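Asker: Sequence:
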Amino acid sequence: GVAEVEIAGPGFLNITVAAGAQGVVAAEIVAAGAAYGSSDAFAGEKINLEFVSANPTGPLHVGHGRGAAYGGSLCTLLAFAGWDVTSEYYVNDAGRQMDILALSTWLRYLELHRQPDEPLPFPANAYQGEYVREMARQMLAAHAERFLRAPAGVIDGVPPLPDPGRTDAAAAQIREAHLDALIANAKRLLGEEWQYVHDFVLTEQLADCRSDLEESGVHFDVWFSEQSLFATGLVARGVERLQKAGHLYLQDGALWFRSTAFGDEKDR
Numbered sequence: 001g002v003a004e005v006e007i008a009g010p011g012f013l014n015i016t017v018a019a020g021a022q023g024v025v026a027a028e029i030v031a032a033g034a035a036y037g038s039s040d041a042f043a044g045e046k047i048n049l050e051f052v053s054a055n056p057t058g059p060l061h062v063g064h065g066r067g068a069a070y071g072g073s074l075c076t077l078l079a080f081a082g083w084d085v086t087s088e089y090y091v092n093d094a095g096r097q098m099d100i101l102a103l104s105t106w107l108r109y110l111e112l113h114r115q116p117d118e119p120l121p122f123p124a125n126a127y128q129g130e131y132v133r134e135m136a137r138q139m140l141a142a143h144a145e146r147f148l149r150a151p152a153g154v155i156d157g158v159p160p161l162p163d164p165g166r167t168d169a170a171a172a173q174i175r176e177a178h179l180d181a182l183i184a185n186a187k188r189l190l191g192e193e194w195q196y197v198h199d200f201v202l203t204e205q206l207a208d209c210r211s212d213l214e215e216s217g218v219h220f221d222v223w224f225s226e227q228s229l230f231a232t233g234l235v236a237r238g239v240e241r242l243q244k245a246g247h248l249y250l251q252d253g254a255l256w257f258r259s260t261a262f263g264d265e266k267d268r
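Just so you know, we're using this note's numbering here: the sequence shown kicks off at 1 and counts up by one.
Hints are computed from structural coordinates only; laboratory data are not their basis. Note that the coordinates shown come from a computational prediction; the quantities given were computed from them, not determined experimentally. Beta carbons: idealized from backbone N, C-alpha and C, even for Gly. Treat the hints with care, as some may be off.
[As the list claims (entries may be wrong)] Pair by pair, the computed Cβ-Cβ distance ranges are: (1) F42 - Q227: 27 to 35 Å; (2) P59 - L148: 42 to 50 Å; (3) Y70 - D168: 20 to 28 Å; (4) F224 - A124: 31 to 39 Å.
Kindly produce the complete structure, drawing on both the sequences and the hints.
Answerer: Dropping the structure here:
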């Protein structure tokens, strides 16, 4: 495929590629089509790539979009090099943040029924977006007064909020305690209905995330539920193993993992 080689001064060679050889490469590219450049160097190797995994408590934002574009592209490149790639979205559907979203939606739902003489303030540390109001309107349209409860019961025993101007740590703790008390009241008043509200907001937000990702060309093979780890007892078994190994300790009413023993900057 080389037409000519010429010495061109000390340390330099001019190599001329034959025109016919260039044509052979072009023909290979055309024949291979979209597979040109692919490899089987890593055939049989499996990789699980988890990315985006935004909490399903609101719409995706530009930062999530960056992670989606990067992760989706990496999946494609790895597959092109022969890897058996699985893409995973880890759904944080357990814990307090989901409870706050369910509470926020329920409070907005109650607002749609509220009379002027029934005060029911909306906490500043609850979810504020218009998407919360929209979910509340959907609940109302689908279930009318099914989840309606008296405002007096909603705020029963809830610690009063501090002055809005206070920004000290004690005020922040009071605001969090206020929110937790509202969640506890919601669970008590709604009983088994609370799970419906929780599942409804989760389903709505996940559907929104899926839609945005699919429209931008990013596909996930697995949507893995954090709740399933608790439901199957895996979290309890993991904690038990850490406890037996002496890696856990109690402090300030919480169970801590001594992760500093493994190079972490602080215990968790």
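Asker: The structure should be examined with respect to each hint, and the outcome stated for every one.
Answerer: Outcome of the hint check:
Between F42 and Q227 the beta carbons are some 34 Å apart, a value that agrees with the proposed interval 27 to 35 Å. At roughly 27 Å, the beta-carbon separation of P59 and L148 lies outside the given 42 to 50 Å, and the hint is violated. For the hinted restraint 20 to 28 Å between Y70 and D168, the CB-CB distance of approximately 40 Å leaves it violated. A beta carbon spacing of about 33 Å between F224 and A124 agrees with the range 31 to 39 Å that was offered as a hint.
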